[in-house]
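**Q** Sequence:
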Amino acid sequence: MKTDKPLEISLFLIRISVAAFFLVWAIGKIIAPGITQAVAESYYSSPVTGSVSAVMGILQLVIVLTFLAGLLKTWTYGLLLGMHSVSVLVSLKNLVNPYTAPNYLFWAAIPTLAALIALFLLRERDQLFVLGRRHLSQEDAASRQTL
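Quick note on numbering that gives the first Met the number 0: the sequence shown kicks off at 0 and runs consecutively.
Some hints could be false.
Label-pair distances were calculated between CB atoms; the ranges are [to be verified]: (1) I34 to L94: 17 to 23 Å; (2) A117 to V61: 22 to 28 Å; (3) E40 to V95: 17 to 23 Å; (4) R132 to N96: 42 to 48 Å; (5) L91 to L12: 25 to 31 Å; (6) P5 to T73: 22 to 28 Å; (7) G77 to D3: 19 to 25 Å; (8) A68 to D3: 18 to 24 Å; (9) T73 to F128: 16 to 22 Å.
Since the hints were made in silico from the structure, they are not lab data. We treat Cβ as the ideally placed atom computed from N, Cα and C, and that holds for glycine.
Using the sequences and the hints, build the whole thing.
**A** Spelled out as structure tokens, the structure:
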């Protein structure tokens with residue numbers, strides 16, 4: 000059985016960097032709910048209380064940690080892709096006019112979105128450091144291929 004180590008390493012690096020990216024936002028919802036409240040008002044036209052922000056942060060934290068562990072891939076990879084896609088959509092006005100400060104910072108969302116799409120499409124190939132993954136010996140892998 001041939002493994003594609005460079006691909007596995009690349010997908011793992013994308014997974015941990017995306018997890019770090021989302022952890023900042025999830026933890027922020029818990030420890031600095033005022034930021035979440037301001038973002039919700041400004042971009043989603045929706046008031047959010049500090050309690051709601053904390054609950055959102057805890058839920059997002061659970062999703063991100065499950066994603067980081069490589070578990071429930073279709074759900075966790077899809078949820079993070081969905082969350083980020085919504086963020087990109089609501090910030091389109093900032094993306095359209097990148098040369099007005101600080102709009103150019105919103106463009107960091109585009110490669111992040113591309114990385115999330117790639118990771119979702121290749122989620123079954125993302126096997127490096129996945130929690131609970133059984134490592135098969137060469138013989139076990141060969142015998143499974145013949146079954």
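**Q** Kindly indicate which numbered hints from before are broken by the structure, ordering the numbers from low to high.
**A** Nothing - there is no hint that the structure violates, so all of them hold.
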